[in-house]
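Engineer: One letter stands for each residue in the lines below.
There are 2 protein chains.
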Amino acid sequence: MKSNLGKRMTIINPASNYGTVTIVGVGLIGASLGLALKKAGVVTKVLGVGRSKENLDQALKMGAIDGVVDLVEATKQSDVIVLCVPVAQMRAAFEVMEPHLESRTMITDAGSTKGDVILAAKEVLGKKACQFVPAHPIAGGAQHGASAARADLFQGKQTIICPLQENSPEDTALITGFWESAGSAVKKIGVVQHDAIYAAVSHLPHILSYALMASVVNSEDADQKLGHVGAGFKDFTRIAASSPEMWRDICLGNRAAILKELDQYLLIVNHMRKLIAENDGAGLEKLFNKASKARQDLDASE
Amino acid sequence: MKSNLGKRMTIINPASNYGTVTIVGVGLIGASLGLALKKAGVVTKVLGVGRSKENLDQALKMGAIDGVVDLVEATKQSDVIVLCVPVAQMRAAFEVMEPHLESRTMITDAGSTKGDVILAAKEVLGKKACQFVPAHPIAGGAQHGASAARADLFQGKQTIICPLQENSPEDTALITGFWESAGSAVKKIGVVQHDAIYAAVSHLPHILSYALMASVVNSEDADQKLGHVGAGFKDFTRIAASSPEMWRDICLGNRAAILKELDQYLLIVNHMRKLIAENDGAGLEKLFNKASKARQDLDASE
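Those sequence lines, one after another, are chains C and Y.
Take the first sequence: its position 204, counted from the start at 1, is 204 in UniProt numbering, and no numbers get skipped.
Take the second sequence: its position 83, counted from the start at 1, is 83 in UniProt numbering, and no numbers get skipped.
Don't read these hints as lab results, they were simulated from the structure.
We put the beta carbon where it would ideally sit given N, CA and C, even for glycine.
Take these hints with a grain of salt, some might be off.
[Said to hold, decoys possible] Taking CB as the label site, the calculated pair distances span:
{"no.": "1", "chain 1": "C", "residue 1": "Gly-227", "chain 2": "Y", "residue 2": "Val-72", "range": "52 to 58 Å"}
{"no.": "2", "chain 1": "C", "residue 1": "Arg-104", "chain 2": "Y", "residue 2": "Ala-222", "range": "40 to 46 Å"}
{"no.": "3", "chain 1": "Y", "residue 1": "Glu-220", "chain 2": "C", "residue 2": "Gly-281", "range": "26 to 32 Å"}
{"no.": "4", "chain 1": "Y", "residue 1": "Lys-234", "chain 2": "C", "residue 2": "Lys-188", "range": "19 to 25 Å"}
{"no.": "5", "chain 1": "Y", "residue 1": "Glu-170", "chain 2": "C", "residue 2": "Glu-220", "range": "43 to 49 Å"}
{"no.": "6", "chain 1": "C", "residue 1": "Gly-41", "chain 2": "Y", "residue 2": "Glu-54", "range": "55 to 61 Å"}
{"no.": "7", "chain 1": "Y", "residue 1": "Ser-16", "chain 2": "C", "residue 2": "Gly-281", "range": "37 to 43 Å"}
{"no.": "8", "chain 1": "C", "residue 1": "Gly-283", "chain 2": "Y", "residue 2": "Glu-73", "range": "34 to 40 Å"}
{"no.": "9", "chain 1": "C", "residue 1": "Asp-223", "chain 2": "Y", "residue 2": "Ala-277", "range": "29 to 35 Å"}
{"no.": "10", "chain 1": "C", "residue 1": "Arg-150", "chain 2": "Y", "residue 2": "Lys-234", "range": "37 to 43 Å"}
{"no.": "11", "chain 1": "Y", "residue 1": "Leu-259", "chain 2": "C", "residue 2": "Pro-99", "range": "37 to 43 Å"}
{"no.": "12", "chain 1": "Y", "residue 1": "Lys-234", "chain 2": "C", "residue 2": "Gly-227", "range": "37 to 43 Å"}
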């Protein structure tokens with residue numbers, strides 16, 4: 001199954017078996033991936049690497065993983081390694097893996113940002129970077145940890161692949177098939193494009209949502225306000241229940257694209273502020289109309 | 001049922017009948033109210049006043065109203081009048097009603113802002129302002145118009161009453177019972193408090209949501225971005241599908257409180273921008289933690 005261009009030996013069985021798969025970071029995404037792969041019957045064994053014994057025990061109990069190892073041991077044993085840790089921990093993971101990484105082993109990830117992860121991979125893995133096919137499964141939710149995992153988390157969802165120049169077509173196809181076997185529809189996008197798109201439609205909304213909760217919580221009459229929230233407020237702030245650690249890393253990892261989107265957003269908000277302060281009803285209605293129509297079109301296009 | 005303190009004659013039947021009720025503005029809220037009151041069996045007749053023949057015909061067809069009249073005729077005939085028009089139209093409605101307003105008639109409203117509506121009522125109705133008991137049903141959704149109406153729209157939801165100094169306890173109790181018969185749980189809050197609370201938990205989120213849709217739609221790669229939205233973006237922007245006209249009026253009607261909340265919000269967002277630009281992971285995590293915990297507490301308190 002793997003490319004045999006004189007670069008690496010073919011070890012993994014053809015088509016539907018990825019052999020020994022290690023999941024590094026067995027949280028919502030990692031544990032769900034383990035459940036999905038085992039349910040699809042495409043793995044011989046799933047190993048887990050992580051920081052929290054309690055969480056790993058939970059993952060074992062659920063059958064998301066079959067055993068727990070450290071990352072060095074996992075690197076030696078695995079055919080595929082999936083990095084599901086917060087993006088700021090990817091560099092350290094590559095550093096531990098690199099000396100033990102054999103040519104048969106493929107690596108992929110589940111990071112919400114790609115530019116920073118790819119930079120770390122190229123700097124640390126060097127020539128072995130061709131063994132890393134970057135991915136971003138668009139799945140998950142506000143809950144975190146193995147206890148929230150589901151085998152169908154990726155069903156009907158998209159996984160973005162951002163192949164490196166160094167990746168062979170065969171290796172890209174292998175990792176594409178890997179994510180497809182978990183239930184995803186795979187789509188290829190360039191890394192710069194990926195980071196700009198997700199800055200706008202995912203990273204920025206999370207920041208704005210956190211900011212609204214923080215603003216309400218910090219106000220004098222916070223309790224009163226929180227006692228009168230409706231469906232609109234709850235919809236808007238739902239994503240503020242997400243993992244602070246993960247989102248801290250995303251903000252720093254995709255800093256340039258996020259700041260660009262945030263600055264564009266602030267231009268619009270400040271313009272709205274001006275229209276409100278100046279009593280410009282026609283201006284407000286025009287802006288709201290454009291936004292409202294676009295949001296309705298979004299629902300219609302589903 | 002009405003106070004008989006020598007001010008007005010008691011005409012309305014005691015307890016469970018509000019007589020002839022007119023709904024001015026037969027949209028989602030107005031038509032739903034008509035359906036709810038009729039289902040509860042607490043009215044003799046429901047009349048509708050509005051701008052759009054098509055919408056009024058729809059309301060008639062659904063049984064939300066029994067007849068259509070103009071506002072002058074409605075004022076003469078009604079025991080209770082409910083103003084369900086956008087808040088910027090309330091003043092004009094009071095102006096049409098005032099000369100024909102008899103002492104037996106109570107008025108209430110469904111406006112999302114209270115300070116501006118109350119000011120208009122006091123200026124236009126003068127001594128008759130005691131016949132107006134301001135209300136704000138916290139119900140509804142992104143859809144608008146009679147065709148979206150439901151008899152159970154207010155079931156289990158709150159209606160805020162902001163009694164005027166001029167309202168007698170008996171009249172406040174009557175209007176409280178009126179909204180309760182539609183299915184609401186009624187709560188009394190002072191008008192300044194109301195406008196501050198709803199600026200924070202309703203008006204500001206709508207503005208921020210409209211701004212995000214506008215920002216994405218205006219960008220160079222808008223189509224790409226809109227092609228990759230996930231559940232988070234959709235949750236965040238759901239309220240941007242709301243009625244632009246209604247939200248224009250709310251922004252202008254509650255301007256002072258909204259600008260206050262918006263400016264506090266912008267302080268937080270600009271602080272987050274600074275943390276991101278300066279790579280301050282610890283600062284970001286601390287802020288996200290506080291917000292995340294508050295959001296989880298909100299779910300837990302339901």
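Engineer: Now tell me if each hint is right for this structure.
Structural biologist: Hint by hint, here is what the structure shows:
no.: 1; hint: Gly-227/C / Val-72/Y: 52 to 58 Å; in the structure: violated (41 Å)
no.: 2; hint: Arg-104/C / Ala-222/Y: 40 to 46 Å; in the structure: holds (43 Å)
no.: 3; hint: Glu-220/Y / Gly-281/C: 26 to 32 Å; in the structure: holds (30 Å)
no.: 4; hint: Lys-234/Y / Lys-188/C: 19 to 25 Å; in the structure: holds (24 Å)
no.: 5; hint: Glu-170/Y / Glu-220/C: 43 to 49 Å; in the structure: violated (35 Å)
no.: 6; hint: Gly-41/C / Glu-54/Y: 55 to 61 Å; in the structure: holds (58 Å)
no.: 7; hint: Ser-16/Y / Gly-281/C: 37 to 43 Å; in the structure: holds (41 Å)
no.: 8; hint: Gly-283/C / Glu-73/Y: 34 to 40 Å; in the structure: holds (37 Å)
no.: 9; hint: Asp-223/C / Ala-277/Y: 29 to 35 Å; in the structure: holds (33 Å)
no.: 10; hint: Arg-150/C / Lys-234/Y: 37 to 43 Å; in the structure: violated (20 Å)
no.: 11; hint: Leu-259/Y / Pro-99/C: 37 to 43 Å; in the structure: violated (59 Å)
no.: 12; hint: Lys-234/Y / Gly-227/C: 37 to 43 Å; in the structure: violated (27 Å)
Checked against the numbered hints listed earlier, the structure breaks hints 1, 5, 10, 11 and 12; every other hint is satisfied.
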